[in-house]
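Put chains B, C and D on the given structure of chain A with help from the hints.
Number of protein chains: 4
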Amino acid sequence: MLKIGPYEVESRLLLGTGKFENLDLQAAAVEASGTEILTFALRRVNLERPEPDALAHVDRSKHRLLPNTAGAKTAEEAVRLARLARASKLSDMVKVEVIGDDETLLPDPVGTLEATRQLVDEGFIVLPYTSDDPVLAQRLEEAGAHAVMPGASPIGSGQGILNPLHLKLIICRAKVPVIVDAGIGSPADAAAAMELGADGVLLNTAVSGAKDPVGMARAMNWAVKAGHLAYQSGRVPKKETASASSPTAGLLD
Amino acid sequence: MLKIGPYEVESRLLLGTGKFENLDLQAAAVEASGTEILTFALRRVNLERPEPDALAHVDRSKHRLLPNTAGAKTAEEAVRLARLARASKLSDMVKVEVIGDDETLLPDPVGTLEATRQLVDEGFIVLPYTSDDPVLAQRLEEAGAHAVMPGASPIGSGQGILNPLHLKLIICRAKVPVIVDAGIGSPADAAAAMELGADGVLLNTAVSGAKDPVGMARAMNWAVKAGHLAYQSGRVPKKETASASSPTAGLLD
Amino acid sequence: MLKIGPYEVESRLLLGTGKFENLDLQAAAVEASGTEILTFALRRVNLERPEPDALAHVDRSKHRLLPNTAGAKTAEEAVRLARLARASKLSDMVKVEVIGDDETLLPDPVGTLEATRQLVDEGFIVLPYTSDDPVLAQRLEEAGAHAVMPGASPIGSGQGILNPLHLKLIICRAKVPVIVDAGIGSPADAAAAMELGADGVLLNTAVSGAKDPVGMARAMNWAVKAGHLAYQSGRVPKKETASASSPTAGLLD
Amino acid sequence: MLKIGPYEVESRLLLGTGKFENLDLQAAAVEASGTEILTFALRRVNLERPEPDALAHVDRSKHRLLPNTAGAKTAEEAVRLARLARASKLSDMVKVEVIGDDETLLPDPVGTLEATRQLVDEGFIVLPYTSDDPVLAQRLEEAGAHAVMPGASPIGSGQGILNPLHLKLIICRAKVPVIVDAGIGSPADAAAAMELGADGVLLNTAVSGAKDPVGMARAMNWAVKAGHLAYQSGRVPKKETASASSPTAGLLD
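Protein chains in written order, with our numbering: chain A, 32 to 284; chain B, 32 to 284; chain C, 32 to 284; chain D, 32 to 284.
For reference, chain A alone in the conformation it holds in the complex (with noise of 0.2 Å):
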């Protein structure tokens, strides 16, 4: 189970509904990716008419909702926008993005310690979506984030994993769930995620912007399994020399 703050799931696979053709795809990937927790921008919802919306094909019984504040460029328009989301009844659970470079829509690592800071006081639930510094994730904790998500890559990139030595110092330092977002291209990088002991992974233009969303939904739904089941069972270390699968005493000669 992936427990983050009161909220235990399954499937530790998260899914942004952002940017698919249509709402039938997005329901049909989303269903084939088994995932429990859907992020979506707070900027794409009418919070006063809860009319038809990207979020209209979402059944709301199975999956728990994780609103996120892209598009904020400082701490007080994530805060502005978490506390709508509150407010609406949406959720108390808040994925905070405090975008500080327009072009590779990397994190400002200040504005996302002080939003985090901020709603952790509000009572939030709160998980910042932050660079690949160790350091700046160890800061986010301490200041009472209940998971951290370091990017992979630039988000939307496809990139996979720039930085596994990073990745891999958040999760031994980190006590809360390290959930890696962005920048995951492919089942290969979620399984490389997870088998550096990350918690789960969050993707969303890898599966939107796949030829067949649905089936690369599915493909990532078993990537993820595979790479946490494989950190479970304790893979074989890298070795320079070769050593052979056949034992060498043989009958033959």
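No lab work stands behind these hints: they were computed from the structure. There's no promise every hint is true.
Repeated chains share a single entry, so a pair holds when one copy, or any two copies, can fit it.
[Claimed, not checked] BS3-like mimics (lysine-lysine), calculated; alpha carbons at most 25 Å apart, straight line: (1) K269 / K242; (2) K269 / K199; (3) K104 / K199; (4) K242 / K199.
Remember, it's a predicted structure, so these values are computed and weren't measured experimentally.
For chains B, C and D alone, coordinates are given in the frame of chain A:
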């Protein structure tokens, strides 16, 4: 379906039977892996006395046998082992291993090509284990190999895919199945091989050498399926710059 | 010329003076490296008694001193060390190190930013050692840093550049010099940093910890020049397919 | 000194003469590179009329010629070209290229081995261009090759070293010089090859295709020296955890 010569199987994971702690563990890992093709060293098998041995626990109704010529250092030795296997009714399918370096167990290119030619001539279904040299793989196919099995890294090293470009070139040019053999250390490696377009992977040490071989076998089962489905589903391209998962046009501002 | 605040130097290699076996070896390596800027830990220097010490063999007419605040764990400590250095007439230039993790010696992002702001306000020439977080590097520049010094990998690890994309992003956005600091293990690493467009590299362990520190210092001297000249000379693009070096139109056929 | 058969040179950089914009640029780059061995395609040379041609500007008193058999697709063609070169008094040293793949220009392992055997028998000084297959390199040495020239990546691709382990294995096992040929894109790549213990590198496109070929030639000159000296000087080991450059015992606290 994976089609090798006249044989078809569903599972794209081939498993080696060597180096399991005991035969019960071997049998449980075989089951968890979902494999339908098992490889084993002919040198380990007493071809004259069909007594309890390394294959005793294998349900031959569910698994096709792929004897290998591990230990052979010349084409002649490999050919001799293959003939004995066929004479003993074990199999007319053979994985050719002609080792050219004792420390790394890397294959001998010339010996491998000679043994392949000879065994094809004699009517065997031939799967040569080869380095990741793209031209050599092409020559093996021209010699009549029914599949080619390039190594990801040295046998038992668990180093994963050292040269993805070479594997990709082999896969792009091959008309016969390409089965990545040797060096796979974890599900992420296995998925990565399949995402390059490989038709299958052969594992041994990564499973038998894991702390929990049965858990790892199950993880590999999922990973191979995940990588293959991802290949079919068309992954997103890698991009240097980010692209927002959450469409920018929003309602909250 | 590398221009840091009001100071200009020819050599783009900055050298740390720590951990040499003896001061003669240190002096010979300093000479072979061609460096003009030497860094040293203020904690190692007895600021009250200007007696034979770690800097005794340094010809201060040829080398500018860059004291660093190694060992500081808070902005306050770093600021205090810098003030002492200036009071002792050692230098008004300071490399800010505020360590956030005892095992990896990775910097604390918030403390580094605070110390940078404070020391800029007090008129120092400030060069903060920072993680490779591109947004943090931008914030440090906005705070008035005269150069930014992102790490390639943890101090003394010799792992080289873990995340070339992050370094490249920092370099592309910075208007002040970017000096890659920490983790460089070999001339190939140093050249790679310069080829990304870095303005300089700071070395210590890679030189002092080599079997022959003087030989390695000379090798690094060449490598930094090579990488910088290559950056200016415009390298060939990387291509997936080959292109013949030898034009195909020939006379022999 | 680099010793190939009976010949000795100081410089460990071998340069190809193809694809320079004009012969003046070629001559200036040759000079800046410090090379003493120049390679050129026999197919480009009119062996019957010793008129102004691709080698016209080469001062043969300062440079040894290494004709190559670029364009040959069989051992026979390569042997024929080598014989013509010797008959024309160009050189008794030959770089064997037998191309096995038109798109990547990767070498044919069997053809390369055959041509090497034949030319050794005929008394040539033979340097075969080969893939990075460690066993094949061993076979070439056994066949009498005076040096082996494994590719870093496909010719002209500028991708650098795709498989450092294979190069390292080749270098560890070889008793003849190992000259890394093809795919080097930048000084960092060249230094990396030398740091693995290579005896030399052969460059062409990386220099002739740079925006400023003369600057790049000079950078490569430094990088090859840097990598070789670093190899001799004993680099620091790579470590997962950091170790402080500045000794922790200090005076200030």
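Status of the hints after comparison with the structure:
Proximity of K269 to K242 under the C-alpha cut-off of 25 Å is restricted to the inter-copy arrangement: shortest distance 14 Å between copies versus 34 Å within a copy. For a Cα distance limit of 25 Å, the shortest separation of K269 from K199 qualifies both inside one copy, at 16 Å, and across copies, at 17 Å. Taking the shortest Cα distances, K104 and K199 sit within 25 Å of each other only across copies (23 Å), while inside one copy they are farther apart (28 Å). Only between protomers do K242 and K199 lie at most 25 Å apart by alpha-carbon distance; the minimum there is 20 Å, versus 31 Å within a single protomer.
In this structure, none of the earlier numbered hints is contradicted; all agree with it.
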